Amino acid sequence: DGGITQSPKYLFRKEGQNVTLSCEQNLNHDAMYWYRQDPGQGLRLIYYSQIVNDFQKGDIAEGYSVSREKKESFPLTVTSAQKNPTAFYLCASSIDLAGFGGELFFGEGSRLTVL
Amino acid sequence: AQSVTQLGSHVSVSEGALVLLRCNYSSSVPPYLFWYVQYPNQGLQLLLKYTSAATLVKGINDFEAEFKKSETSFHLTKPSAHMSDAAEYFCAVSDSEAAGNKLTFGGGTRVLVKP
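Residue numbers (my numbering), protein chains in the order written: chain A, 18 to 132; chain B, 1221 to 1335.
Take these hints with a grain of salt, some might be off.
Claimed, not checked - In silico DSSO-like pairs for lysine-lysine, Cα to Cα no more than 27 Å straight-line:
(1) A:Lys88 / A:Lys26
(2) B:Lys1322 / B:Lys1278
(3) A:Lys26 / B:Lys1322
(4) A:Lys88 / B:Lys1322
(5) B:Lys1278 / B:Lys1334
(6) B:Lys1322 / B:Lys1269
(7) A:Lys74 / A:Lys100
(8) B:Lys1289 / B:Lys1278
(9) A:Lys88 / A:Lys74
(10) B:Lys1289 / B:Lys1322
(11) A:Lys100 / A:Lys31
(12) A:Lys100 / B:Lys1322
(13) B:Lys1289 / B:Lys1269
(14) A:Lys74 / B:Lys1269
(15) A:Lys74 / A:Lys31
(16) A:Lys87 / B:Lys1322
(17) A:Lys74 / A:Lys26
(18) B:Lys1278 / A:Lys74
Keep in mind that the hints were calculated from the coordinates and are not lab data.
Treat the numbers as computed from the prediction; the structure is a model and nothing was measured.
Construct all of the structure, not just a fragment, from the sequences and the given hints.
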């Protein structure tokens, strides 16, 4: 079955530690996205990527970094510079970034708790 | 910039009753509009989308939404609530003329279904 796999599902880290969240898709989609979800705030875009080796900042990129070395993979690193990293992180993909009105497919999310 | 407002962060309905979730958007260009559903600790799934075709859009699980340009609204309805409809629902807008499939999400409405 095609889909998006995020890991780990739950992650606990101490303050000051960098954390990398994995996102893999086998849908052959060109575009991939990272969203952050906080209660009552909906989803906010962190980074997105249209093609391999290219990515763009979203609305809340500060304190995060990404890479896109393979079409299937779009890992997100939450750095120690992110002031409030505890959140639910969602990875998504779409057929292409220029597909206006296209559907986003989401993974099941990673819940990060910083102690 | 586009934005989405969902009226009511929580809605409680009785099983069998009408479900009505309100969504208003702002966009300087014709929008694409979406409703997604999220079950606990999972990603989002597309319920339905409006992409400038018919103004009344039918989605999965008997949900439908009506695009009203004059009211800048895209309210979601279901004639008869089922226990399995208990979830969080997100309205989202995409700028139809922007290069990209980036969605702006509302804050979400959590639906509780009472037996």
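TODO: Quick one: which hint numbers does this structure break? Sort them smallest to largest.
DONE: Number 18 - this is the single hint that the structure violates.
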